[in-house]
Each structure stands twice: as structure tokens, then as C-alpha cells.
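J.: So the chains spell out like this:
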Amino acid sequence: MNFLDSIWLIPLFPLFGAVVMLLMGRRLDPQPASPVAVASGVGDAPDAHGHGHGERHASAHDAAPGHGHEAHHGAGSRALVSLLCPGMVLLSLIFTIGAVAQLAATSERVHQVIKYTWITGLPFQLQDGSLARFGADLGFLLDPLSAVMTLVVTFVGFLIHVYSIGYMGHETGYYRFFAYMNLFVFFMLTLVLANNYLLLFVGWEGVGLCSYLLIGFYFHKKSAGDAGKKAFVVNRIGDAGFIVGMLLMFSVVGTVRFVDVNQAFGGMSPETGFGVLSAMALLLFIGATGKSAQVPLYTWLPDAMEGPTPVSALIHAATMVTAGVYMVARSNVLYQLTPETSGIVAAIGAFTAILAASIALVQNDIKRVLAYSTVSQLGFMFMAAGVGAYWVAIFHLYTHAFFKALLFLGSGSVIHAMSGEQDIRRMGGLKDKIPITHWTMFVASLAIAGIPGLAGFFSKDEILWQAWSSPLGSKAVWAVGTVTAFMTAFYMWRLMYLTFYGRSRVAPEVAAHVHESPATMTVPLTILAAGSALAGWIGVPKLWTMFGDGFRTFEHWLEPVFASGAAHAAAAAHGEAHHDTSIEWLLMGLSVLIALLGIVLARYLYSVNTAAPDAIQRASGPLYGVLSNKWYVDEIYDFLFINGLSKGGGRVLSRFDNRIVDGGVNGAGWMTRLAATVSGFWDTWVVDGSIRLLAFGVKVASYPMRLLQSGYVQSYAFVIVVGVAVALGYYLTR
Amino acid sequence: MDHILSVVLWTPLAGLLVLLAIPSSNARAIKLWANIASFIGFLVCLPLVFGYDRTLDFQFVEKANWIPSIGASYHLGIDGFGLLLVVLTGLLSFLSILSSWNAITVRLKEYYAHFLLLEFACMGVFMALDFFLFFVFWELVLVPMYFIIAIWGGPRRVYSAIKFVIFTLFGSILMLLGILTLYYQHYRQFQVLTFDINDLIRTSVPPEMQWWIFWALFIGFAVKVPMFPLHTWLPDAHTEAPTAGSVILASVLLKMGTYGLIRFSLPLLPDAAKDPTVVSVVAALSIIAIVYGALVCLMQKDWKKLVAYSSVSHMGFCTLGIIAMNPAGLSGSILQQINHGISTGMLFLIVGVVYERRHTRMIAEYSGLLRAMPVLTIVFLITAMSSMGLPPLNGFIGEITILRGAYEVSLGWAFACVAGIALGAAYLIWLFQRTMLGEITEKNAGLRDLSFREIAYFAPLLVWAFWIGLYPKPFFDILERPVAQIVERVQPGYYAERNLPNPLGTPSPAARLTGGSGSQ
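So the sequences go chain by chain: A and B.
If you're matching positions, the first sequence starts at 1 in my numbering and goes up one per residue.
If you're matching positions, the second sequence starts at 735 in my numbering and goes up one per residue.
Incorrect hints may appear among the rest.
Claimed, not checked - Now the in silico label distances, taken between C-beta atoms and shown as ranges: (1) A:D683 with B:L911: 23 to 31 angstroms; (2) B:A837 with A:G680: 51 to 59 angstroms; (3) B:G1146 with A:V600: 55 to 63 angstroms; (4) B:A837 with A:K699: 55 to 63 angstroms.
Everything labelled a hint here was simulated from the structure, so no lab data went into it.
Since we're looking at a predicted model, the values are computed, not measured.
The C-beta atom is built at its ideal place from N, Cα and C for all residues, glycine as well.
Please build the complete structure, drawing on both the sequences and the hints.
T.: Spelled out as C-alpha cells, the structure:
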């Protein structure tokens, strides 16, 4: 079978699943009659962000975990849903593996499948006088970069689908959840497999839509609806930049097909100063800041945790939010032409990384800690992309997909065990009660902290090294990155110690129900844990010369895509020759040391001397408040943009419309009526009055005559007789 | 085939005559016949689609003397632009009549008669190639629309109906003045009395006079579009009209304004249209409409009024595309007009569906409809996505093409457009959230989901929305030539200057006059 030519099928499998679910899901998965039953668990959840999984779940728990739903629904009524939707993603995964294997065998490692011309636009002329068409194909591109992305999406996506069978088992709207999830995978695969920016944008918007739907999955909760709306609207702001960026690209190179765009840019020389290329790169990056939650458009992501936990894992950690990184990497030729924009990308990345990490230090909601951690890690990826180390950005994207998906799924398992509790202050000592969850999360936390040998170490260390050594990098970026790495290790292990170790602070009524999750949940956790441990070994540092070239497959695999970046690297390598490897060893040692320090500090504060955190909190004064209130960014945005610009502007303009614009219209109407009244008066009393006066005069004048008009024949006869008599008399007597 | 346009035009009127013969007491027969007649009215449009030859200009041309003494003729013909609008009119007329089945309970016969008359008049507007004939149809549209609002409308129906008529008449009078000036200018030059557009277009009008004629026509058309600040009739008329009336008003009647601008203002008065003042005023008004309409939407408490204001915003895109006066802007604008017909038509139909069940239009009254009406929710979601220009639906194709055209003229225009795009998402998603999501209230809990008939009138529009979104090529193909005619007329040598292939083949600005009509 030729998988390479069938890559267009990869997105279609989940689309099929989604369509079947949306059309027939209600029949496969009958809903309970009472709508009120679903809503009850939420309001009384202890935490405002309690995720709706809560109490109805607890009630189902006397039954064996994972089978609880069968008490509510006919046995096996959901089996088809559980089989079809993950199955579709599995099919995509199989086709992807097949296609990637065949791609690896080809020499040029780029395969395009163009189905048809989607938008045939109008021709127009480029600056150099050549002719171009505003248009785009419905075409798919498999190259090393999209291969990595597709593998991540389908592999992690499949595991999360399987996990969801267990996790969502007790929920109403089970089919709806899977329909959205499959639809999401469809759009995500469209995004990563598209062969041009416009089709990428289709996926880009589509995943935004699915994210909206899934964040608002518990739609009866206002907070969930609000969070979804926020995500959608903030993303649209980024998209506005993206759209203009694409238009600019059209007008400069006359195409949006990646292969042609990169070829066109490949022939250009780097831009000095801020010109059209920089504008284009910056506009595209604005799109990326929306989708990948970077400053200033990051505020939607933490709120997006209102969605079910598998959604947070798949969309808001492993795949969708990395789309911005993918897009920047995809546009690497452009970014290399515009060093200033690359600098902005690195700076925004670094700033976001440290800002989000600082907020994560004091959050108490387990998912929020992870959400800010995701924002921070995405910042790392942009840091790498900004300093020109695109393969490292993608490498970190890839390792992050494993450990962050695992952390979210693990937190979901914790929440599952805790009957909906999300506040880590009310956990503790869970280590032995949910051992699989604990051990898998343990691995992931070591990985994200950057302990050597685990996936996160390789990618994070490489980012820091590139930030230090790349010609585009700077010591400042490296320093910010290193401090952030320290914070990361600390907040992750703060979370671990508060959740799993120490004294149990679990509420007694919850404690009775604590249990390990079903196999559908723990198996994906275990697989992801293996991934978090081992995935990094295909990108070991160059320094580790004892490992052969096979251990650096990742970089080599992506080389064709970042070919011109490789030229950079060669230049950098040239520079590298001047300093000896001791600096690199030193920095590596420092980053490991810092990770250990973070973990040890967390252990001291949250396990050994548990009174210390409160003391620190008191001593730090207002700083703690600022951090736990997330630097008040949400409040500032609300004030400026939501209430100020949008609602305020809307209110003012709405009044303007009613009072001034329409007021003018109604005023004109009123004036017309006034004129009409005056005219009517004039007409009745003056114009018509004179006529009537005349008539009256005639009437008065005719009054004497009217007296004769009596209508009596006798009187007429009498007058005639008298007249005749008078006439006769006159003639006779003359 | 020779008289196919006449058949399309007169079918609704024939249906109306039969309708009059049905006794008023037989409600079912009236409804049934009105649906059949309008469905036939749609079916007869289809030969136009299949018989359309995109290498020609005006086709299916029919010409006959009508009032020879003043030079008015019965001259019909359509190009790609006319074709799309005629099909849109045919489809939307049928769907809105179908949607009225249960909504209208009084004076059924008059109601459906007015609708068929309205269809007839709208068809005429989009087919007439004689300015006098055009004006007659233009004014004829007002009559049934007035009655539809004033008899079957909401509580403030009389105010709204009168406002609608007065506003349009005010514009029409200025338009008539413009037409007559052109008419006499032509007479002065050729000593021939004619309203035929093919003849009028050859008139050479001094720039000063062009300027005045342009504004006269512009105000006439701008009221219909409606453009800021002449738009305030629209929220009232839309809000008070019965559902089907709003649908036709938004989907078809508003297009008359943009149709007039493209069909008459630009080709007849190219110098005025190119005037920098004209361009900047029209562009500014369009951009104001885009942003302003969207912001005002955010404040509406009335569902229908929100949709009405969204029309102001969307039509701003269309007029901006027109005034860009380049191929991308014009074809994007035309496509967006169709898109607006589809998506706003559906938005009004959705309001109609819930209004029929709850008899209120207040957004605050609705909540959690997803629970009771999941199918409607999906329809609404797709409609909202289409309306806010989310790929792969139709709105995106239209918006991006307009943006491309606007960008060619000015980066500032493009930025204003994308601001509108971001705000469009805000008000639609907010509306969706307030009505469909959230906790379901008691009053909404028992609502019935879409019936088969209701699904039937959403389905063709949904299919069309996806079609344009996924495969817009056929639409761009049929628009290529009409658009090129206008571009060449307004900016002669546009294609040659830019070394672009001219869809017309030979760059002759007067080519559109002769094409197919044979009236030379």
C-alpha cells in the first residue's frame, strides 16, 4: 500500500468519526431524561474551578471503576462510540507510521499530494513583474517536520482518546465529547499536513473552534462558557494578524505554498532594518502568540482548564497550543531573513516563560499550575525558535508533548481519584493510594525539571545552550531561561510534594473513595511515562560523544527542513571552535544543578519544614498577592479591552446610533410631522377656510332665494297661478 | 430557451394569479400552492445555471419595446453577477415561504401574494438592463415589503414599515434625478431618447456632472445597502418584520443596493467613481460600518436586532470591496453578498425558529438551548462560523478575497477589515454562548428541536455554505468576466498595465455593451 499518496486520508478518518458521532451519536448514547441531574455536581464543588466531574462521579463509585456508567446506561450502548472514535485516530496513526516509513526511504524526503485547487484566485503582479495567482490548493505535505508533528498528534491523540474512555465514562454527552475530540484531531491533522498557509489556517481556525467547544463542554457552567469564549475571541485577535501576514506574503512572493514560499525566500538576502519581511514575520508571530498562548495573548490558556482534563492534555498542552511553534518553524526561512523579528520572538518567548513560571509558583489548582507551566514551556520553544534553533524548538515540542500530556492525564487521574477535588492544598499522601498515577507523574516531573537521562533534559538543555551560543542568542535569554528552569523544577515538585507526599490533608468523605483509575487510564499513563523517560534519547547533546550519531537522529531527520538553519549552525559551529567544550559542560552542569536545587527546595518547603511557606508568604509582602493574582493581567485586560474598548465602545456607539443617527432620522420625521401639522392647520383654516368662506357667502346670499324653494307643489302652483293672473291682469288692463 | 429570463421573471406572478383564485377559506391549499409556486420559481432558475456561458457577457437577453415615446424598453439580461443574485432570490424566496408555514396564521392569501409579488420585483431588479424598467422594479419592491412588515410584523410594525418606505423613497427620488440627468445628457448628445443601459453607457458625461449623478445614485443605493449613516431603518425593519420578511430583506433586498453600485454607478460613471474624494468617503463609510456595526452588536439585547446590526457590518465589507475597484475586491464583494445572503438568512431563520416557540426575541430569555435543541445548536454554530468568516466555510473565502482587494489599495483598509473580523467573532460567539450554552431555564426546557420542515429549509443553505467554502472555483469562474468588464471600464488598461491576462481577451472597455445583446 502506498501510504505516501494516501496522506490526505490521515485527517479524514477522524472526520468520519466526528460526522458519524454528530449525526447518530444521540442514538448510540442515549441521554438521561432529566437535564437537571447533570448540573448538580458543579455548584457545590469546593473550588470555584471545580470541574464538574465531581459529585455525580462520586455517586457512581460504588460500582467498579470504569464500569460505573453501565449502571446509568444500557450495557454496551457506548461501546461503539468507545470503539469508533479512538479507532479512527488509531487508523490515522497507522497510516502516519506507514507514510513516514515510506518517506524516510525516499531521497528528497518531501512529498506533496495536491487534491485540487481550493481557491483559484485572481492573478496579480508581483513587485518583480512576474505573475502570481491569489489561490491555494487543497494539498497535503509530508516532510520531516510535518512527519514529527503528525506522529505526535496521532500518537498522543490516540492515547488520550483511550484515556478518555475511562475518564469520561460517567459523563453525559459522552458521544458529544468524542465527536468534538475527533473533529479536533481532524483539524489538527489538517493544520500539520497542509501544504500551504491558507489550508494551515483552516486547521488553525478549526482547532480553535474545537477548543472552544471542548472548553465549554460543561456548557451549563457559566465559567466554562466564558472561558471558551475568551479563548476563541483572543485567538481571533491573533488570527487577524495572521491573516494580514498571509496577505503580505501573497503580495511579496505570490504564493502561500510552503515549498514555493521557502524557495522564494531562500533566494533573498536577510533584511536590514524593519521592512516588509519583518512585518510579515511579526504578523504571523502575532497569530502564533494567540494560538500558542504567548505574551500578550496568553491569558486564555489558564482559563481553558475549565474543559475536561483529557482536553487540557491533548489540546491545551500537547498539540493545538504548539501550532504556533510549528508555524514559526515552518516559516523558518522567513524568520532567518529577519533577525530582528527573530529577536522579538526570542524575547517574547523568554518573557512569557519567566512570567508564567512565576505565576505557577503560587497556584493551588493542580490544573492551573500545569496550565501556566505549559505557557512557560511554550515560551521555551519560542525562545529556541527565536535564536534560530528550530530543530530544538520542535524537539522540545516533541518531548513536551509526552511529559506534559502525561502530567495532565496524571492530574486527571488524581482528580478522578479525589472525586473532583483540584486544590493541591487539600491533597497530600496520595503516593500509595494511587501508585501508578504517582510513579508515572514522578517520571514526568523529573523529566520537566530537567534531570539528565529523561526527555525534558535533552531538549531544555539544548535550548539553553543554543540561547547561549547561537549568533542570534544572547546571555540575557540564557539567564532568563536558566532562572525559569529553576522555577520549573520548583513549582513542579511543589505540586508533587503537596499532592503525593507528606501528611494527607484530604477531606475524610473524599478519602474513603480514593482509588486508582481503570486500566483505560493507567495504560496510557504508563506508555507516556515510558515516552517521557526515553523520548529524548534521539537528540542527545553533541557533547556526549560516547553516543553515536544514531542518538542524534532527531536533528538529522529535520535537517532538510531547516537546511538554511543548518548553514547558520555551521557558522555557529565555526564560532564554537574558538571556545572549548568546557563552557558547554559547565552550563550543562549548572542546569542540572539548578534542577536539583529546585527539587530540593520544594522538598524542604513542602515536606520537611512545612511551616516555612507561610512564613515566606508573610515575609514577601505584596509580591505573593501579585503572583497569585497572576500579575493582575486579566484584570487589566478586562478593564482596558473588554469593558473599556468593546463594551464601552459598544455602549457609546449603540447610544450614538439610537440617539444621534436614528435620532436625526426620527427628528426629521418629527419635523416633517410638525410641518405637516402646520400645513394641515393652514390648509384647513386659511386655504380651505377662504374657500369655505366664499361658499358661506354664497350660501348666505342665496338664503332669500332658498325660502322660495319650499318643495311644495301647491305653493309652486299657487305662485304660477298668481304669476299667470298677474301677467294676464297686466296685459288685460293695459 | 429564448425567453427563459421572462419565464423566471413571470413565474412568481403567474403563481400569484393562481393563488388569487384559491378561496381564502382554504388555508391549506393556499400554503401548499404558495410553496409549490415558489419552488417552481426556483426550479426555473436552474436552466440559467446550466445554460450559462462564462465566455459571454450579458446572456439570455430579451428586448422589446415598451414605452417607445420615452425610450423605455423591456430589456432583460444577466451576467455572472446577475445570475448569482437571481438564483439566490429564487432559493431564498422559496425557503422563506417554506419557513412561514406555521408562523403566519392571519390573512394567508394576502401574505403569500405579497411574497410572490416581492419575488417578481426582486427578480426584475436583477435582470433589468433598462434603467426605467429597473426603477419600476426597484419601486415595486417597496409595496409588498411595506405590507409584509406593516401587517404581519411585530408591535412597532407600522412605525418600522413607514420608516423603511420613506427612507427608500427618499433615496429613490435622488436616484431618479440621477437617472434622468443621465437620460437627458444622452439625449442632448445623440438626440435619441433611451433608458437602455447599453446606450446610456456611451454617453460622455462631464466630470462635474458625473460627480453629482454619482452621489445621487449613491445615496439611492446606499440606503438599501444600508451604509452608515443611512442604516437606521434596517434594525427597525428587520426587528419588526416577520421572520420570512427579515430573511428576504437581508438576503435579497440589501443586495439591490450593492448590485446597483456595481451594475450602474461604477460602469456608468467611471470618472466619478475613481475620484479620490469619492473613494475615500465610500471607503471610510464602509470601514465605519464594519467596526461600528460590530461594536453596536455587542450591546444588543434583542436577538434579531443583533443580527440586523451584523448586516451593517457585513455589508460594509461588500461596499469596501466594491470601492477597491480591482478584480479581487469586486469578486470578493459579490461573493460576500451571496455569503451574507446565506449566513444572515440562516441567522434570521434561527431567530424565527426560537421565536415561533417562545414568542420573545430577548436574548436574556434564552439559555442552554443546547440541552433542548441540539440540532438547532449545530445549525447555529455552523451559521455563526460561516458568518464570522471561519474557514472552511463560505464567509472566509469572501472576506479573504475582499481583504486581498482592499490590501491592494491600502494596508490601512486591510487592517480595518481584520478588526471587524475579530469583533465579528466576539459578538457572534457571545450570542451563541448566551443563548445555546449555560444552564437551561424552565421556560426553555420543553422546547421542541427542529422539525423536518425546518431542517429542510436550513439544509440547502448549509450545503451552499460548505460548497463555497470548500470549492469556490465555479463562483470565481463565472464572476471573472463580469468583474473584468467593470474593472476595465473603471480603470481602463488595468490588466494590461499589470501584465495580467485579461479575461475579456481584448482589452476593449466597451466590449460589455455588445456582448450577446446584439443591440448595437
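J.: Hint by hint, say whether it matches the structure.
T.: Against the structure, the hints:
In this structure, A:D683 and B:L911 meet the distance hint of 23 to 31 angstroms, their C-beta atoms being roughly 27 angstroms apart. Between B:A837 and A:G680 the beta carbon distance is about 39 angstroms. The supplied range of 51 to 59 angstroms is therefore violated. Checked against the given bound of 55 to 63 angstroms, the beta carbons of B:G1146 and A:V600, roughly 56 angstroms apart, stay inside it. For B:A837 and A:K699, the Cβ-Cβ distance of about 57 angstroms falls inside the hinted range of 55 to 63 angstroms, so the restraint holds.
Hint compliance for this structure: hint 2 alone is broken.
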